[in-house]
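Let's have the full structure, built from the sequences with the hints guiding it.
Residues 1 to 363 (this note's numbering) are what the sequence shown spells out, left to right.
Warning: the hint list may mix true and false statements.
[Unchecked claim] Keeping only pairs whose Cα atoms sit at most 20 Å apart, straight-line, the calculated SDA-like set for lysine to any residue is:
#, residue 1, residue 2
1, Lys351, Val15
2, Lys352, Lys299
3, Lys352, Ala50
4, Lys299, Arg284
5, Lys351, Glu116
Quick caveat, the hints were computed from the structure, so don't treat them as lab data.
Quantities reported herein were computed from a predicted structural model and do not represent experimental measurements.
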Amino acid sequence: MNPTDRPYILHGFDVSYFTAKARVAMRYKQIFLEEKRADVRWILENTGYAFIPAVSTPEGEVWQDTSDILDALEARHPNPPLYPRSPVQQIVCALIEVFADEVMMTSAMHTRWGTEEGEASTRRRFGAMTGSMEQGNRAADQMVKGRFAVGATPEAGPAIDEHITAMLSTLSAHFDEHDFVLGDRMSLADCALMGPIYAHYYTDLLSRRLLLETALPVVRWIEYCNMPSAEDQGDWFADDALPQTLLDFLTVAGGDGAPLLLALAEVIENWADQNAVLGEMPPRAIELAEWPLRGSVLKRRTQIYSLWMIQRILDPYRALEAADRARVDAALAGTGWEAVLAYTPRHRLEKKGFDLVFAELPH
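Below, the structure is given as structure tokens:
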């Protein structure tokens, strides 16, 4: 059998944040795709990490980390495209990916585990998903701990709720006028947002009700992304433009998200000043980072991986010609993202296989 006769296999779960991101990208690409319920032991044996999802390729490779998965898909299957090449929209996609992957984790864990009714509903769903309430509760117990690790404490609840309301309000206004983030065609930004918005907000009991009652244009967008007809889609916004509705969402994302990203970067850099060794793996998590959110101060366990994600913004931004960087700066002025784009890391991370290691800074 030729590799082209074999499917890509997505190993994931419907409730999984990052499975949702990968799934819609693979459906949009119109590749031969099979979905399998994740076997965590199989993933661990093949990657060394029990992170969901993973992808098996037709050639027998195994991919992990949705940022790497989507990069590889775009390289192998450039049409239909997910990654804009125009400077402003390229950087907007990078910003939204990092915002969705890193920042929105706090709100997603809050909506899933932040109320007794929500937790009870999710525990029942985990029991159904794993085949027994005993296994489901064990998995849920780990997730509840994760809620506190990302700052989704009861004390932070009102600020997180206000943040969610602002996000959904601006996204609703945008999707009331446009099918997707960048216009009439899906992009990386849509895939990234589907992680928290579909897998958590839309599949969880209370937040699903919130979406249906207050953010119906977002629900319509979810349906479009989950069943993408790439051949029927149009184009991204002409002339690298960003409409006001998208700028309004980016302003909420930047105002609430940039302080967290910069706080995480500071903790990582300070730790690395004393501990980083070139070519060696750092610990997965280090001390707490604090950041302000709508009148509250939240604390979050710092994942060193977050610096690698921030590099996904800075690398393409720094690679632009000066005139194109100026266009990006002008387009995003006032959105709150300026300090992130201006940030200069003191340390660098790179992937070696599935491992994250410290690397030399580019010259």
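Structure-based check of each hint:
1. Lys351 - Val15: 27 Å, violated
2. Lys352 - Lys299: 30 Å, violated
3. Lys352 - Ala50: 17 Å, holds
4. Lys299 - Arg284: The given pair, whose Cα atoms are some 17 Å apart, holds under the 20 Å limit.
5. Lys351 - Glu116: Violated. Lys351 to Glu116 sits at ~39 Å, over the 20 Å cutoff.
Hint check: violations occur at hints 1, 2, 5; the rest are consistent with the structure.
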